[in-house]
Amino acid sequence: MNDNFKMDCSDIREKLKAFLNDLLVEDEYKLFVAHLNVCKKCKDYVRRIGSISNQLWQLGDVNVPPDLSYTILFRLKQTEQENIKSKFFISKKLAVGIFVVILALATLFFGIKYHYFSKEVDETSVVKKITM
Amino acid sequence: MIDSGYSDISLSTLDNEVVVKSLVEQYQQRIFALVLYLNGDNFDQAYDITVSSFVKAFSSGCFLKNKSFFLIRLIRAAIKRSRDAKIIPFLDDANFADLPPEKRNSLFMVKKALQTLTFKEKIFLLLRDQFHLCYKDISAILKMPESDVRVQTVCARIHLREKVEEVLNSE
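Residue numbers (my numbering), protein chains in the order written: chain A, 8 to 139; chain B, 945 to 1115.
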């Protein structure tokens, strides 16, 4: 966010009523919240005012289990490893599939070639027999 | 608010461990809270849903285009999983043990009132008032017009206020 568009502490006091009544326009609302996120003094000041919205905000201050972030990171790594394994399994399957297709095509190619070659041999032997 | 960045991230999440860690650190609490309030008071279930949502968000796109794209995916995954999960009623105010009694009571009342709202109403309220997302981002997450999101959020807020009054009157 550009520094020119930041709110200062006096702006917070000026716009507090509009904030509590949810009457700020969206850009002002963003700037207001951005200031509260960095200024503890203003945050405490705003939260001292008893409104439903403020009480809902304060309800959000729950105690998060201390190992939550660790579990999230652990599960992420686990999922990533599972994905790598499944990708490897898919690529293994793909390689087998490609091999089978090549084998089938080669069989078809040599089969056709053998078929025509044997036909040619038959024809030349017949011609030879006739000329004799 | 969603800010863009991380535009040149390569394919593997393992290769970008620093970025992954920073995204997890940045959003884990808010996603955990979102899931917790959508589903009730089941910490274990919220824990599992949060973990699987992060895994889904990181792996579904294969790579992270930017933070905004990632966050939309992450919240979508969390909402989808929460929708399928079993809702468990809130039991106590253990989360606010450090707060003064008066503050604790008022937060617990809002928490109780929130429980009575529909799943959809909770989504609008939590994304706007807890996550502080702008309406454009919420409409992208929920795949619905921005004007509808605005109207539904205001309605949900009014409904919550009524429910809080009901809870107050019943005590």
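Hints are computed from structural coordinates only; laboratory data are not their basis.
Only a predicted model underlies this, so the values are computations on that prediction, with no experimental measurement involved.
Backbone N, C-alpha and C define an ideal beta-carbon position, used for all residues, glycine too.
One should not assume that every hint holds.
[Unchecked claim] Okay, derived cross-link-like pairs now, BS3-like style, lysine-lysine, Cα gap no bigger than 27 angstroms in a straight line: (1) K1024/B with K1000/B; (2) K1047/B with K24/A; (3) K50/A with K1000/B.
[Unchecked claim] Derived, one-sided and incomplete: chain A residues facing chain B with beta-carbon distance under 8 angstroms: (4) L30; (5) E33; (6) K37; (7) V40; (8) H42; (9) I56; (10) S60; (11) L63; (12) W64; (13) Q65; (14) L66; (15) V71; (16) P72; (17) L75; (18) L83; (19) H122.
Here is what the structure says about each hint:
no., hint, verdict
1, K1024/B with K1000/B, "11 angstroms, holds"
2, K1047/B with K24/A, "21 angstroms, holds"
3, K50/A with K1000/B, "32 angstroms, violated"
4, L30, "11 angstroms, violated"
5, E33, "5 angstroms, holds"
6, K37, "5 angstroms, holds"
7, V40, "5 angstroms, holds"
8, H42, "10 angstroms, violated"
9, I56, "13 angstroms, violated"
10, S60, "4 angstroms, holds"
11, L63, "4 angstroms, holds"
12, W64, "6 angstroms, holds"
13, Q65, "6 angstroms, holds"
14, L66, "6 angstroms, holds"
15, V71, "5 angstroms, holds"
16, P72, "6 angstroms, holds"
17, L75, "5 angstroms, holds"
18, L83, "6 angstroms, holds"
19, H122, "50 angstroms, violated"
The structure fails to meet hints 3, 4, 8, 9 and 19 from the earlier list, while all remaining hints are met.
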